[in-house]
Amino acid sequence: MNMAIDEYLMTHATDTPVFRIYGWSNPCVSIGYFQSINDIDFQKCKTEAVGVVRRITGGGSVFHEKELTYSFVSRKYPQKILDSYQEICQIIVSGLGTLGIDAKFSPLNDITVDGKKIGGNAQTRKNGALLQHGTILLEVNKEKMFSLLKVPAEKISDKKISDAKYRVSQISKTFDQVAESLKDSLKLVFGCQTLPATLEQSELESCKKIAKERYSNPDWTLKR
Amino acid sequence: MVSSINSQNNPNSVSVKRYFKFEKMVCVDLVFDKTTNTIQSIKITGDFFLHPEEAIDLIESEIVGTKLEKDLIKKKLESLLAGCELYGFSIDSLSDAIIKCKEADSH
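Chains as they are written, first to last, in the numbering used here: chain H, -3 to 220; chain E, 2 to 108.
It should be emphasised that the hints constitute simulated quantities derived from the structure, not laboratory data.
One thing to keep in mind: the hints can contain errors.
[Claimed, not checked] Simulated pairs of lysine-lysine, DSS-like, Cα-Cα distance not exceeding 25 Å:
#1 Lys44/E <-> Lys219/H
#2 Lys75/E <-> Lys76/H
#3 Lys22/E <-> Lys138/H
#4 Lys22/E <-> Lys146/H
#5 Lys112/H <-> Lys169/H
These numbers were taken from a predicted model, which means no experiment stands behind them.
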């Protein structure tokens, strides 16, 4: 349902940008649009009751459990991919900064603290609107994460890292603390007002339809 | 990682799967005909970014039948990716990768 809501927000984007903050009721692995289903241990996900969803955005596989997830939808954004990531990730860097965390934007699409990845981002652009969603790891079970996600040997050896787990970290803050910091950051970074919003029932019904037709459909999940 | 097997249906078909580390990971899963030197099928997967995303489906269908020669593949990719935004590999590096898959079979 989370991916369906993000898609709905993008396809119904207005001139008012939307920043959505959410979590996951059950653990889930999301895979990028271009990834092979074999890039994750699909069978193990099933055995361990971990959901699997293919995103409409590119990028790599993500294990969603104890994290804060966000999405940003706007019709106004830098056309250059790198510039757009940099601008939107500034919300995260600035927000974490207010919590005393020295986070950095690590191109193309990562957020790092002390050189370790604590969050990733992925974008798509359709019909004049941009959707970027991303994660901030609050608590990570690396053993579980890397038992579900497969990291190609080429990726590890090229970075001269014997253990991919070394690159991942977490921030020791609560969901609510990070959520508040991001709301404040939006005002700081964009100099704008923020208004809380919820989806109306009719919008939720549309999201459920998207979830059923795309994200719960094995033809979509297993398409590559 | 390289895997190479002969297709069960066509004795001249060769399947090669290889990972490439560019700015992002790219996996090319190529099936080609050794005698005609043409692409029979291809899957390009990885954690790269391409806008619009659907362009990858077009590439995978439209490149079938193309001779495995770098210049021809590059020209085809340039035509198919015109107007697209790409991050994680270049058209040149992907063309090279496809040719390397073919060469991997002869090693």
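Comparing the hints with the structure gives:
no. : hint                  : result
1   : Lys44/E <-> Lys219/H  : holds, 11 Å
2   : Lys75/E <-> Lys76/H   : holds, 23 Å
3   : Lys22/E <-> Lys138/H  : holds, 23 Å
4   : Lys22/E <-> Lys146/H  : holds, 15 Å
5   : Lys112/H <-> Lys169/H : holds, 16 Å
The structure shown violates none of the earlier numbered hints.
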